[in-house]
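Take a look at the letters that make up each chain.
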Amino acid sequence: MKHFTSVHDIGSLDKAMAAAAEIKKDKFKNYDLGKHRTLLLVFFNASLRTRLSTQKAAENLGMNVIVLDVREGAWNLETEKGTVMDGDKPEHILEAIPVMGCYADVIGVRSFAGLHSKEQDYGEAILNQFIQYSGKPVISLESAIRHPLQSYADLITIEEYKTVEKPKIVLTWAPHPKALPQAVPNSFAEWVLAAGYPLTITHPKGYELQEDFTKEAEIVYSQEEAFRGADFIYAKNWSAFRDPYYGKVLHADRSWMVDQEKMDLTNHAWFMHCLPVRRNMIVSDGVLDGPRSLVIQQAANREIAAQAVCQEILNHLISQ
Amino acid sequence: MKHFTSVHDIGSLDKAMAAAAEIKKDKFKNYDLGKHRTLLLVFFNASLRTRLSTQKAAENLGMNVIVLDVREGAWNLETEKGTVMDGDKPEHILEAIPVMGCYADVIGVRSFAGLHSKEQDYGEAILNQFIQYSGKPVISLESAIRHPLQSYADLITIEEYKTVEKPKIVLTWAPHPKALPQAVPNSFAEWVLAAGYPLTITHPKGYELQEDFTKEAEIVYSQEEAFRGADFIYAKNWSAFRDPYYGKVLHADRSWMVDQEKMDLTNHAWFMHCLPVRRNMIVSDGVLDGPRSLVIQQAANREIAAQAVCQEILNHLISQ
Amino acid sequence: MKHFTSVHDIGSLDKAMAAAAEIKKDKFKNYDLGKHRTLLLVFFNASLRTRLSTQKAAENLGMNVIVLDVREGAWNLETEKGTVMDGDKPEHILEAIPVMGCYADVIGVRSFAGLHSKEQDYGEAILNQFIQYSGKPVISLESAIRHPLQSYADLITIEEYKTVEKPKIVLTWAPHPKALPQAVPNSFAEWVLAAGYPLTITHPKGYELQEDFTKEAEIVYSQEEAFRGADFIYAKNWSAFRDPYYGKVLHADRSWMVDQEKMDLTNHAWFMHCLPVRRNMIVSDGVLDGPRSLVIQQAANREIAAQAVCQEILNHLISQ
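Protein chains in written order, with the working numbering: chain A, 61 to 380; chain B, 61 to 380; chain C, 61 to 380.
Watch out, some of these pointers could steer you wrong.
Because identical chains cannot be distinguished in the list, a pair is counted as satisfied if it fits within a single copy or across any two copies.
Straight-line alpha carbon distances no greater than 25 Å define the calculated DMTMM-like cross-link-like pairs of lysine to aspartate or glutamate that follow [as the list claims (entries may be wrong)]: (1) 141 with 319; (2) 275 with 285; (3) 89 with 165; (4) 178 with 324; (5) 226 with 324.
Read the hints as simulated data drawn from the structure, not as lab findings.
From just these sequences and the hints, can you work out the full model?
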């Protein structure tokens, strides 16, 4: 694996699941693999789970980790080409990224969608600039349109808790007070479908995701109908994708919250969410705190997914 | 030791002092003890000494250290149960803490008193939530009402500099321009009394500490009287504990500053303070810079105390 | 080497260049040298290159690294002696620095010129206080008036790319929208002259640097004349040094930008800049992106310079 930005970089999902299972048996088995290797984590947006789990994963492999918090506005990089830099931006991404590449063996980058321009967000400018200019392997720590480490962890979790070969997986939109990117649902759909699972997506009309991610999924506008017979319920809010409402909250219909009554429609389904989660907006306390909630297990598997990805990249570096 | 939040967790103080002395002989003797173990330090308040000394201590033991700066307001966690999370708090502590527990073997937490509500502060909500929900050993890096790593370091320092079996120790209130928590004096009293030393506490009327911490101490309202014959003077400001003035500065009487004239009343006493210290408010330049000041030695012993605590917790983890 | 604050601390530059070349052959050859040693990096100003390269260098030597971001205003240390600390500064540098010294084996400090007072800036108060009070070896990560790790890296780069024994090196002022310190040009001149290279400095009248740094250099007020026959062009902006304009932008004459037409006057010179660089203010896109630009190589050599300095300091510590 040269870079890790989507399910397309992972190769065989069967092998990826087997690699995860191996890591869980002994996290420190490959402690020598990362010796003298430095992972630089660059955060253009805040992070709790991703930062901690990726740092832990890299340390399990004996890597050094350097965290660079850029955050919104704190480090104002120029990205336009040909501009006269006489304003408030002291550095161009054309220098900043290769410089970071000088001091790292692997670079992780987090940069969320701005939700102002679909073209800009779906162009994944920052992630692609790191791939183009850093000269180093790049790991997406959530980009504008995908969150592949989360989806990898989600798939590990499904693998661990499924009781039938092909469980019915339902991705349900749920209400939230502010506009959120489509990265998690895009990516979840992409991974679940790549794994060959049937996927049902349910949301109010207008919240259709980009078809590239969902074309093999079944779209059902009735949440009740979608839930029937489900083995896994994956809840997540996202903002509208379709023009002219890109990045907008069309409405935050609270009747879409996942509660026990809805979970009772399912096949005793497991409940999943990537966290952070708004209690009693996305999901009721009862479901989240109940025995069928997998949210902490998903979070724990973030370390495993990150370690599997780092291992593959380190193996690729060594083989060069 | 499972958790470390007060002197009650330390067991025998004689053994704790002996452990500190052993560490000072060779800080790296137990370098293999922390291998593959991660210490997560979570700061809800700023830190210089605690962060640096605890990080250094953990690295002396071969641990990985991850620092998470939460700080005031930066990460707005919901703590109420049953609430509809439709406001500005994106994550509930019920998820955030177990998630942190996923990626750490030991968690250190700093969270100061808000000084708005005695019930809230003395309930130690944040520290207790980490103990209850993280699933991992928790070290207090200063809680609302105690600063046990400081007190442990203070006791090591007293042990090193005392010249009689039972020195007279005096804790004196001193003026400060803003309201400060009672954590350091509470904790100092608790440790000194647990060690079997006679403790005199002197402060203006109204600054009485919670009796749970001070009931075996002698309270003297005349600073001059208290200082007579003292072997150690420990200066610290704190705000009022008693209702209806909880968390308030009653007055900041500058005549309570520790100066050479007052030190001359003592038995050639050592001067102690936990730092940071307001010069010429709490203590005069002359006393602080003089040959009987132990403030830097106390700070240096913070590393030793933190290492002793980490060692005990690691030993407990291994024994499980 | 006890401290590293200028070229005067480096000893033989021939040996320093040889040490750098050795490190580039195998960065991890001295991985055991830094075992159980902690490098504390204290930043009073923001940093990208310096932080990452120094952290990487120290980790190449097996050191632990702790980064402390102080930044402007965030940590308000009192520096005046004898003052009554009843204002907004909770800690005096007389305690803060020795405390930091307790937990580190080596301390790196970055503190920029304020550009308000020449006396204050050229007195290098903060750097000197760390040397005086920390009790530990101190590395300048850019002080008010020098940036010696940058200059060391620059000299390594010149050594690698020169094709004649004594290349003609030109340091040229270039326009910038805001006032910048003189640390980089001061330091560059100091190192280039110490290496025995002929140095030409060109700038508009009024931008003369302090003579201590430049007295062996040739000052030429015509940029065109200076560039003729040059083998290396080092561009940098700086504010005025001479009274009564200390720290001021006299003018930002855009005709001083380095472009291809000017580079064509040289002896096919290499272009250098310490970064970050304002494109199309300091230098045109064409020159910066062209085949004779060494800016990324300079940045990469920052790691090498930092490692060479850390090695020397560690060797000195061990020899004590």
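Comparing the hints with the structure gives:
In this homomeric assembly, residue 141 and residue 319 come within 25 Å of each other (Cα to Cα) only across copies, at 16 Å, whereas the closest approach inside a single copy is 50 Å. Taking CA atoms no more than 25 Å apart as the test, residue 275 paired with residue 285 passes inside one copy only; the shortest distance there is 19 Å, against 66 Å between copies. Taking the closest pair of Cα atoms, residue 89 and residue 165 come within 25 Å of each other both inside a single copy (21 Å) and across two copies (18 Å). Neither within a single protomer nor between protomers do residue 178 and residue 324 lie at most 25 Å apart by alpha-carbon distance, with minima of 37 Å and 44 Å respectively.
Only within a single protomer do residue 226 and residue 324 lie at most 25 Å apart by alpha-carbon distance; the minimum there is 20 Å, versus 68 Å between protomers.
In summary, the one numbered hint that this structure violates is 4.
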